[in-house]
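Enquirer: Residue numbers (this note's numbering), protein chains in the order written: chain A, 1 to 361; chain B, 1001 to 1132.
What the hints contain is simulated information worked out from the structure, not anything from laboratory work. Cβ atoms here follow ideal geometry from the backbone N, Cα and C, with glycine treated the same way. Some hints here could point you the wrong way.
Just some of the chain B residues that point at chain A, by a computed CB distance under 8 Å [as the list claims (entries may be wrong)]:
1. F1019
2. K1023
3. I1024
4. N1072
5. L1080
6. E1083
7. V1084
8. S1110
9. P1118
10. A1123
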Amino acid sequence: MSEKIKILYIDDELNNLVGFKASFRLNYQILVAVNTSEAVEILTKNPDIRIIFSDQRMPDKTGVEFFEEIRSWFPHPIRILITGYSDIEDVIQAINRGHIFRYVKKPWSDSDILSAIEEAHKFYLANSMLAIKNEALQKAYDELDKFAYSVSHDIRGPLSGIMGGINVAKHLNDISDIKEMLGLMENSVKKLDAFILSMHDYYTVQRGEVRIKEINLSELINDLKELHHANLIESNVKLNVNISQIEPFWSDEIVMRLVLNNLVTNAIKYQKHDNEDKRIELNIEVGRGHATIYVRDNGIGIPENYLNEIFDLFFRASTQDVGSGFGLYNVKDALLKLNGGIKVSSVLGEGAVFEVTIPNK
Amino acid sequence: MSNKKANFIIVDDSELDCFIADKILKYADIATSISSFLHASNALDYIKQSANTAETTIVLLDIVMPVMNGINFLEEFEKLPEEVRRGYHIVAFTSSMNKKDMNRIKSFKSVIKLLDKPLTSEALIELMGEIK
Chain A
1 MSEKIKILYI DDELNNLVGF KASFRLNYQI LVAVNTSEAV EILTKNPDIR IIFSDQRMPD
61 KTGVEFFEEI RSWFPHPIRI LITGYSDIED VIQAINRGHI FRYVKKPWSD SDILSAIEEA
121 HKFYLANSML AIKNEALQKA YDELDKFAYS VSHDIRGPLS GIMGGINVAK HLNDISDIKE
181 MLGLMENSVK KLDAFILSMH DYYTVQRGEV RIKEINLSEL INDLKELHHA NLIESNVKLN
241 VNISQIEPFW SDEIVMRLVL NNLVTNAIKY QKHDNEDKRI ELNIEVGRGH ATIYVRDNGI
301 GIPENYLNEI FDLFFRASTQ DVGSGFGLYN VKDALLKLNG GIKVSSVLGE GAVFEVTIPN
361 K
Chain B
1001 MSNKKANFII VDDSELDCFI ADKILKYADI ATSISSFLHA SNALDYIKQS ANTAETTIVL
1061 LDIVMPVMNG INFLEEFEKL PEEVRRGYHI VAFTSSMNKK DMNRIKSFKS VIKLLDKPLT
1121 SEALIELMGE IK
């Protein structure tokens, strides 16, 4: 174990505290308090205390009263009462009301305490795992709500457009009208397809395991260029790539591809249509234990008040071109999995710079 | 029988949906004029700058749009002076199935109807019958 379990012991008899500490300090980090107000102070300063032992009979209040009082303030540590047989009624009541996990009878033996610690710690770990799972579950529920909301717009929207197009086609006689509409319908189909692909990315990011391997950056960039080749030509955008690498780079290839692909797609999408010199600079620097990626474009830029929101799920800051509101959210989440991060800066009308940092694993 | 007619303004970020609305209005033969806007803010500027003749103008308003959505549009529209708003009727049309959005939209005084996408000529002709 990397760090000793923190345990707090409260007793008004100093001798007991000294004895407790002497017996268990080798295996555990023991903190002691002679009264309950001191105990509260220690608990406040040490949120990572996992187990609390308290004597029942103390001058200011009983152990049961103390546990009852602190239960809502410090819900995480496991509470254990140390008491003699004469207080058994109080103990039974306290256990039944959920204020204490178990009790140890006085005078205690080392093995009583050790087994109490062991059981309490198991319980603590199970509870914390549950808390972590709950948090993840809550996040998943929140995102599901957003999904349900988005499905009606991002999936039903293009579909109802296509359906409307089919209805209208029955009344169209001019072939050029029909051709124009087919072009627009094609865009709707592409939009729907892009949405489904991003949804797949989303799932990969949320549920996929991180797989670290050595990344061949030039191969990655070649694939990226190939993927966007047609799009770059059609949009008349120049993509310049610089790689400077002084050490091998180990990371998750799927995440790397997802990040680069999304940032380059955005940089192509959000160009100024009338600009003769549309450019994207992609710089990748690997060194000193991490990779830094800059994607710089001279496109339309991002309004300052949206800079914080562009990484939110389904947020869209621009009406230019189609977007699902998935891309940058997936990028941010994918980078979080690698303990990486992303920053953006932009001058409206002049372009945007995305700076990605990824630790070398 | 000649149809009752009105001016139409289409506000939708989807080019396809604008195109369809435009064609359907022409097919149903109920529009004296049609203006389409991909950005809600441009439509709002257009309304502000138009000389108001108090002629009946129906705004077909999409709800889920980036930057300025239908709800933002309605909030801004209802702040305009009454003499500017005269003659305008707003019809929200959307593929969204979100109850909360729908209720919020219905709460605007200037919204006379909610239509589901895709638009049909039947729905539009029925709408014209409801407008006094």
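Enquirer: Confirm or reject each hint.
Expert: Quick rundown of the hints versus the structure:
no. : hint  : result
1   : F1019 : 6 Å, holds
2   : K1023 : 5 Å, holds
3   : I1024 : 6 Å, holds
4   : N1072 : 13 Å, violated
5   : L1080 : 22 Å, violated
6   : E1083 : 30 Å, violated
7   : V1084 : 24 Å, violated
8   : S1110 : 23 Å, violated
9   : P1118 : 3 Å, holds
10  : A1123 : 11 Å, violated
In this structure, the hints that do not hold are numbers 4, 5, 6, 7, 8 and 10, in rising order.
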